[in-house]
Each structure stands twice: as structure tokens, then as C-alpha cells.
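Q: What follows is each chain in one-letter form.
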Amino acid sequence: MSQKSEYIQTETGNKVSRKSLIIGSQNIILGGKTIIQADCCIRGDLRRLVPQGQNAAAVAIAVGRYCFLSKSCLLRPPSKTYRGQFSYYPMKLGDHVFVGEGSVVEAAVIGSYVNIGKNCVIGKFSIIKDCVRIEDGTVIAPNSVIPSFSSVEGHPGIVVEELPETAAEMLERELNHQ
Amino acid sequence: MGPKRSGASSASSAPLPPLSIDPTAVLSDAISFSGTYPVTIGANSVLHPRCKLNSTEGPIVIGSNCIISERTQLIAPDIDGLVLGNYVHVEVNCHIQAARIGDATSIEVGTKLGKGSCIGDNCTLSPLSTIRDVDVLPAFTVVYGENQRRVDASATAVARNETMLAHIDCLKKLIPNKSEKYTR
Amino acid sequence: MSSFPYIHISCPCHEDRPQTLTIDSARPISPSKSPSKRDFNFSPIAPNSPTKGRSLLAGFTPSVSFDAGNLNLDSDDEEELTDEDDDNNFDPRDPRSAFSLFPIENLLYCEDCHQIRCPRCVQDEIVCWYCPSCLFEVPSSTVKSDGNRCTRNCYLCPVCTALLAVVPVHHSSGHSSSDHPTGPFNLFCSHCHWTTSDLTPPIQLEKPTSISAQLSKLTHSPRDNEFIRLKQHYAQQLGNAQEDFTNSPAALTRLMGLYTGLGSGSGGHGGSRKGRGVKKLEMKEVDRPREVSEDQELDIIERMAVEGLEASKCIVALATHGRKKADGYGKATTAKQRLAQPHDPRFLSDLTPTAVLLRTKRSKRCRACRHILVKPEAKVQTTRFRIRLVALNYIPSLTIKRLDSSITWDNLTPHKTHRFLLTVTNPLFDPISVSLLTPRRTPGTAFASRVTILCPEFDVGANTDVWDDALMSTKPASAVPSGVKTPPTTGSFTSFSKDPKMSTVYEQKRNYTSVVIEVVPPEIPDTRDTRIRDERLLEIPIYVRVEFEAEVDRDDEEGGGGKPSHSGASGGAVQRERVEYSYWCVVGVGRVGDVVEGVVASEPNTPVRTPVGTPVKAPRTPAAMRTPLRQVRS
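Order-wise, the sequence lines are chains A, B and C. According to full-length UniProt numbering, the first sequence holds residues 1 to 178 in order. According to full-length UniProt numbering, the second sequence holds residues 1 to 184 in order. According to full-length UniProt numbering, the third sequence holds residues 1 to 634 in order.
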């Protein structure tokens, strides 16, 4: 699946494709054993500006362990105006997150064991809890909250199904099959 | 002005079309220009990396205070070219072949604008929407859901434009300006 | 339908069949037992026999009595039905079977009953209520009084059902940090840009918190008043005793008394109650039903016409491009939007934001033995479970994949032998022995496919840790099924005596075994009938029987089986008990496509030398040569 020559392997076991576009990599944290495929784009440069002017430990994107970012997906921190100030906010992904091909993720928080389908759009500042499956082609409106154990579909995305208790294992299996 | 190939920046090795980039505009890395017609980028606009501006058929004009996000394709549909108004926000993965996009319009993630379509002012196109060729969207339209339309009466235009300015401000601090690469 | 291939397991709760049943031509089934599948199932039908009548009958016969004489059954069926219950083929096309089929991830397992439990046969109990958008827990007393919607600030856009955000109406320009937004507020939808100012009259909120209180004051309709009045009336009628109508027959009788006029004879006793007996004249109906006036309707029609005109003036361009509704209806609500609102609005300008419905965390209980199967943690934020007895951890899971990757699931070639790999994975810590039985021809349809499992009986190793592998002498036998036999020896498990001429498994690893299954689909004509009944769908029922030896110390700690047969010595702290259980599952393989040139029907050309006359299932009667499942009688 991952040819050695195309992927760079880091010390923590992350496999990053050489053809991916990772900007601002010093602001990105990868948990470990994460795979990033070709043409993937991670905007670590869009980070919150610390008023002191130092970009000390300003993490833009934190990705958990065993994640899988498919081809052509895009991770971008969300931004908004709060109290007159416009800034970018950090984005956090949990463990075992699978992002499908071509999906654009601008969520604020994504929990663990989340499967995002192909060509999805996750709106700004959405919060996705654990054990969620997002079907292909879903658009999730900004500021929405997806509770655990749901399956989301549609445009805008609404919860259509409640996943059974075995959701964590099944989602992990789907991830491993990729 | 003959287009000159700059350093190792853009992916294409073809000669760049004639560009007139406002000095206050911010262009990031890896933007690809192709075609022969002139491309104009207005004041205070920001272009994220990996944009593709294709002016083979006609000129492209980008207004002031625009934000063009990454992996968008702006293709001029015909000789009249593509004109973006001011305060236009184009999000990621868009594929634009429209003839005209009005002021203060938000084009969200993944939209496809067909050839020659005309988008009015203050419109909002929600993610993954598709506008067919030669379609005309009147002003203040919102395209949402399964390609449904409605009139936007939320009166948030002023607030939105101000947010745009603040956004551009913020981006200017974050993205290094590489526009020299493209203009010789 | 899920995409191919899928494997659905049939929960045994739909069967309630006695173990033995002798067939009398007109004996009705005892009323305590519901008509079971065997009453409706017939043996696989030969293509020439009057199939349509029978298979139609299979699904739709409502009668309870099983009349053997009527249906031209031959002795074959009779013998089949007198055999034990697993001889009856599970017909996946039967309309009833659709209700008992579940993928394995939805099934639970009761350790006490040693049975699979499906979502239909478990009882749900609510652990806690919470709002899915603010994730705050709502105590159940609040739910009872305030209803099952969020009473904080969570509202959904009535137009597109996205979440609404609070924004100030008048934008205060200029940066002022530590800004507390003042002024009236709106609810704003970030997806479709709907605001509460779009209503007639426009609604504006004074402060950004406690939205529901403000909204309820502003959107009080006469319908709400009516509802409150009704609720108060009935609450008063019920009196102090808060009865649950479903559980108390006395309360039910009282309620039905409304309609049957119980106690209508005696007058003037309203309000007096004799203990908990029948109330006389107690349950009064409220008053006359609400009338719909004609004027109201005319009003609406007029409004539609007028608004339609206005709509057409300002959104001219939208008319030209294929909209589903004509212009005049542009401002009318869709059915979905209307249903979500309490007051049935006809126009978009009447839509109010809807509060978010609450969600629950439920614990599931086995109906038979009242044992809790699933118990989530009470905290909303965690996704862990206190108790979680899922079938994934107890019964072997089957997966199927194709051996030849040129096979397309949606377009199987008729008359061609398709080979698939069926993998059985064992979740238990003991090695198991699995038998897979399937009828030779898929039941329930006139166009039956031929199915052969090349190695129907095999062992699957235990789900041990990886390093224990080195301690066990496992020979992975990845032989091509061409008759070469290599018996796998896993630990101290006594394998079943396998017929040496039978073929072997395809692959055997630590805790899973794969066997080859061959399917030859028939040619299916494309008529209206076949399309309606979806004859092209190829589903194979497989009967899985699992046997293993478990250690039983004191209680049922180790996974048990269906009918434990004590073959070991009883007594002593650790005894090995031979356990077996079985279930039906349906493998959805795909759809049969059209005939391809050059591929014609032929005898199954499996290279395996299965001895002639060996039944597909393990023989039960001494007459081993005869399979009740076969068409031809010998």
C-alpha cells in the first residue's frame, strides 16, 4: 500500500507522502503511526497569532494516532471574529480518524474513531465527537455539533442513524481496510 | 512587458501571462498562471498556495480585498474573461469558469461555476453547490441544500465585509508574500 | 440495502418452534406458538413445478394451520419437517425474514441464555437524556415536565435544519476588544443565511442567553394555549395517581371508558371515586372539536396568490431554470418543513426556529432473563460502556471476498462458476469447530443458483495472543483445493473426523480459517416479474454450527453455547464442557447480470472430488446417502 520511496517515515512512525503539501510543519503535531497520502494539504501556517509576537508553541493542527488522511484531502484550522478580533483557532483530531479522499476539514474538534467519507465538507468550528461516521459527500454546516455514535448524511448534514455499541471496532476496521 | 520565467516557484515551465499585481496584494507560493491574456489582481487581495489561474481564453480580473483559497481554479471562459468583484471570498477546491462574480460574494468549498455564468452581488453559495453554464444569479441569492435558492435578507453584508478585511489583515501577517516571484 | 457483499445474521428470536413436530394434515398449530418459519417454507422448488404460486404463498399465507394435504407435498417434505429444526431452509426472500436479519455489529449476546439477541428482542431502558448539540444532560424530571426538546439555546433553522447562532442585529463596527455585543439579537443560520428577522413579524431577542424563554414569549400561538389547556385537563383527570397507561389495565379501562360511556348511566357523581375502581363520569372529554373555518382557508389561498406575484417580481431569473415548484409557490413551505413545526405553517415567513430534540443513552436488557447486555456510562461525554456484551465477541464472524478480482458484485455472469472466499474468524479463547451448511440451490426463488461449499467442516483456532503462536504447532494449510489433505492440529483440540476425500480449507491462520464457496448463478430473464421481486439479487443462506469445549468454572464466565451437553466429568472447579450453538446467516453476494456470450450452463466443474452422494449437511439419519435437501430422490 505505501511504497517506501514515496513516503517519509518519522521517528514516531508517521508516514508522510512526499507529494503532500504540508505548510507550516512546525505547528503541526502528528500523534504517531499516522499516514498522510499524496496531494494532501495541511495548513499549519494558519495559526493563532500570539499577541506577544512570538509563535512559541502555537499549535495549529494536532492530529492523533493511527489517523489516515487520504489523497487530496485538506485540513485547515477554522477562523472567526471573536470580540472584535479575527484569528485562527487550533484544530484537534483524535485517534483513529480517517479522512476520505478530497474532503475538506475545517472543524474545531474531531474525536476518536471518526470516519469521514469522500468529498465531504466539514464546516468551520464544528465539533465531531467520538465514534461518528460521516457519509460520502456530506456537507456539515458551520458551528454544528455531531454527538457520538451517529451517522451523518446530507447537505446540510443531519444525523440519520444511531450507530450500535460496536461502532468503535467497526469504524476501526473500516479504517484498517483502506 | 515580456513575461519572464522566475525562479523555481511555479509548477509550470510555460511563460507567464502578463500580470499586473497590486503591490498591496499578497500572493503565496506555488500559484500557477497559464495562458496569454493579462491577469489583474487588485489591491489587498490574498491568494493562497496552489491556485491555478488560467487565462488562455480571456483575461482574468480580480478585484480588491479578495481572498482566493488554495486549490482553486479560475478559468476564463471566453474572450470577455473572468471578472471578480471586490470583497469576494473564494474557498478551497472551487472550479470557477464564470464570466462575472459580483461584489461581496462568498463562494464556499468545492463549488463549481459553469461556463459563462454570472453571479450577482452579495450572494452566498454553500459548499459543493453547482451552478450550470450560463446561469444567472441575481443579487442577494443564497444557494444552499440540494441546489435550492432563496433570497438572503439577513442584512449581514456590512458585517461580512468587515470580517473580510480583518481576515485579510490576519492572512497578511501569516502568509509570506511571494508576489515578486511572479513578476520577474 | 447495504453494498455487496454483506453478511446478515438471523436472530433466532423470530423462531419459536417446537423441537419436534409431527405433521397431521389438519392439525392447527397450538395458539401459544406463533406460526413459525417452517410453516411457510417449502423445499427448494424445481424450476418446472408451478413455482410462482408456491413462493408467493410462502410469504403471504396468513393461516396458522398447516395443511399438508393441500399443497402437493411429497414425502420428502414431510420427512424434512419431521427432522430437527435446522433442516428447514432459511428463505432470505421471505418478507418476514427481513425483520430478523442483522449485520453482526448490531447483535448482542446474552451469556445467561447463550443466545444471540437482536435489537428487536432486547428491551431498552433510558439511562440519561441529553441534548445532542449542547451536550448537556437533562434530568428526566425536566424531560417529563418540559418535554423532550432542549430548553437552553439550541435551535435549528426551519429552512435547512442547520444549527442557529446568535448574532447581533446591528453590527457594531470597529474593533472593541472585551466587547459585549449589545442591542437586539437575531438567530442566524450559517448555512442558508436565514434569520429570525425573516419572519412576519420579525422576532428579535434581547439577550443572547436563555433563548427558549424569550422565544416562547414571542411565538405564543393560540395552538400553544390549546395544548396547555388540554394537558392541564387530562392531568387533572388522572388525579394524583400518575399511572402509566401501558402497564395498568385498570387505568386503561378508565381511559376507554371515555368512549364506551362507562358510567354514563349514573349522573351527578362526577368527581367521586371509589378507590381505584371505575370512575363514574370522571373522564370527561374536553369539549367540542376544533373547527376549521372556511375563511381561514380562503385567506391562505389568497395569500399564496399575492405572495406568488411578489416572489415572481424579485426573483425573476430563477423562473427560467428547472425549479421543481412553480413560481407562485416559491414562498410556501415544503412538507418536511411544515411537519417540523408545531403550528403547521403554509408560508416560509411563518416558520419559527425549532428546538433540538433530545437524545438518550439507553441500556439494553435481555427480555428472557432480564440480564443487562449493554450499559453505557451515565456521563454524556464518555463513550465507554460499563457492560457490553456484543455478539462480535462471542460468535464467529464471517466475511466474504472474491477470489477472482474480475468479478463485479453487481453483475455476476450467469452459468459461470464464481468462487468466493468465506472467512470465519473466531473471537473466543478456545478453538472451535465450525460446520457450514447450505442448501444446494438457493431457496425461495424460481431461479435458484447452485451453491457449493468446498469444505463445509473445519476448525478455527483460538483467538490467542500473537506470541502464543510460537508455542502452538499450527501448520498453515494454504493448499489449493485440489484434494490434498493436511489436517491442521491446533493445540489439544480434538478435531472432528473429516472425510479424507473431502477438500480442505483454503487458508488457516491463527484465529481465522478461509474456505472457498462456489456459486453458479442461473440465467434470469428480464421480465417485469423478475424486476418486481428482485430475482437478480443473489443471497445465500448458510447455517453455521459451532462446537467447542469451554472451561466452565463456577458461573457462566466463559462463553457458553446453546445446548451444553455435558460430556466431561461433572464436579470439580474447572470442567470442560462441550458447547454447541447454531444460527442462520444470509450472505448477500450480488446481482446476476445478463448472459455473456460463450458462457453456458454446465455441470459444476469443481476440481474437488467430493464423493457422490455425500450430503451437503452432516447426516442425521442412518440413511446417510439421502439428503432431504436434494431434488432427486434416490
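Check before you lean on any hint, since a few could be wrong.
Calculated pairs, PhoX-like style, for lysine-lysine (alpha carbon to alpha carbon, straight line, at most 25 Å) [what the hints assert, rightly or not]: (1) B/Lys52 x A/Lys71; (2) B/Lys178 x A/Lys19; (3) C/Lys401 x C/Lys416; (4) B/Lys173 x A/Lys80; (5) C/Lys416 x A/Lys118; (6) B/Lys178 x A/Lys118.
Everything labelled a hint here was simulated from the structure, so no lab data went into it.
Q: Take the hints in turn and mark each one as holding or not.
A: Cross-check of the supplied hints:
{"no.": "1", "hint": "B/Lys52 x A/Lys71", "verdict": "19 Å, holds"}
{"no.": "2", "hint": "B/Lys178 x A/Lys19", "verdict": "21 Å, holds"}
{"no.": "3", "hint": "C/Lys401 x C/Lys416", "verdict": "17 Å, holds"}
{"no.": "4", "hint": "B/Lys173 x A/Lys80", "verdict": "16 Å, holds"}
{"no.": "5", "hint": "C/Lys416 x A/Lys118", "verdict": "34 Å, violated"}
{"no.": "6", "hint": "B/Lys178 x A/Lys118", "verdict": "33 Å, violated"}
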